[in-house]
Amino acid sequence: MGHYYDSKDLERFGEIGKHRKELADKFFDWYGSVMEKGALTRREKSLIALGVAHAVQCPYCIDAYATGCLEAGASNDEITEAIHVAAAIRAGASLVHGIQADNAINKVMM
Amino acid sequence: MTVPAFSSKLQKPLTTYGVNCLQVNLGKLCNQACKHCHVDAGPKRTEIMDRETVQHIIAAAEMVRPELVDLTGGAPEMNPHFRELVEALRDLGVPRIMDRCNLTILLEPGFDWVANFLAKHRIEVTASLPFYVGEHVDRQRGKGVFSRSIEGLRILNGLGYGDSLPLNLVYNPQGAYLPPDQDDLEQLYKRHLAEEYGIRFNELYTITNMPIARFKTYLERSENYTRYMNKLVSRFNPGTLDGLMCRSLISVGYDGRLYDCDFNQMLDMTIDAEQPHISQLRDIMLTGRPIRTDDHCYGCTAGHGSSCGGALDTEDEAIAV
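Line by line, the protein sequences are chains A and B. If you count the first sequence from 1, you need to add 5 to reach the numbering used here. If you count the second sequence from 1, you need to add 51 to reach the numbering used here.
Simulated from the structure, these hints should not be mistaken for laboratory data. Remember, predicted model here, so these are calculated numbers, not experimental data.
For lysine to aspartate or glutamate, the following DMTMM-like pairs were computed, each having C-alpha atoms within a straight-line distance of at most 25 Å:
1. B:LYS282 <-> A:ASP68
2. B:LYS194 <-> B:GLU246
3. B:LYS282 <-> A:GLU49
4. A:LYS42 <-> A:GLU16
5. A:LYS13 <-> A:ASP34
6. B:LYS282 <-> A:GLU20
7. B:LYS241 <-> A:GLU49
8. B:LYS241 <-> A:GLU86
9. A:LYS31 <-> A:GLU49
10. B:LYS282 <-> A:ASP11
A short list of chain A residues far from chain B (calculated; beta carbon distances all over 10 Å):
11. LYS31
12. ALA60
13. GLN62
14. ILE88
15. LEU100
16. VAL101
17. HIS102
18. ALA106
According to the in silico footprint, chain A covers these stretches of chain B (three or more CB under 8 Å from chain A):
19. 182 to 194
20. 230 to 238
For glycine and all other residues, C-beta sits at the position ideal for the given N, C-alpha and C.
Let the sequences and hints guide you as you build the complete structure.
This is the structure:
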């Protein structure tokens, strides 16, 4: 294995059902239902998906949902804002733990 | 990947229902040269329909009595016989005459007559506006095209288009991806264009970019061709087949030659007839004629489908990972 990520592997996602297919089927059915238009539009769901993809830093999801956002009618500005939201929440999540550090420091310091 | 032959996807060969729409390409001359243009139209093109062929079009409209005559190009208004053709079609009582307008032609020197002429003859305007955000439009159609398109739309709105006269817009993707859901996108267009520019229009048509001509070259150069074709093939939707435009349309090239659709025209695939020319229409089978297909037909049958009048199958489609 020369490298861990290969863009062609995205097309092979379905092969995850090679073993215990019934589990993969449940996932793909649920996934399909989640992404259907509901109280949120496809565009809104695609923007959320792209934000999450950046937060979990999944190159497959970023590839799929960058295009998915365009195919749902999102603009470049909306896509960029979704990425900023993901980045800001990630940054905030790190920073807010500074309070825990402060608590720990206060506990041990005279 | 080898693209499976389109014919292998069909349970029986596609045939025509008749001629509901007479689509006429008045020439490849255009004031714009857009990156996605399947006609390869532009300001330097010299192929343009002559008066003799225009007379054949008028005779054909009288003979087949189509519901719709769809005038396209290039910029159809740049053909010197455009007005004569439209007036003759109106005199014949053709129920619907459509002008596929790129909007910027309305602002070109020497073409200030176009908007008033269209309104006077109550011509349906189907106008290209590939997105509701300027940056996206200019990237595809050239710098400043979006703001000039908005100016063109304001002129049309001022004449009653979008209210008492039909004004429809056409979306096409700005690259190697498929169009959004037509109804959802129409709502977005209507909200943005009304709030930001005060523009009104009737319907939005979403159209898939066909993997031919200038767009195919782009796909190959950007190494997107295989992926794009994979996407089209994997999203083949048999539910689109009954409504395909080629089943009820005949397409006439600038030189009078006949095709099953505008895309076959650009690929030089004339209809299945001994003399595929508008002058020979009387001897051509209009109903039940086999339609010529090839790989590009996946473009009209992927996902929600695509036609000159937008999506074909508006049932909700599962999103692909």
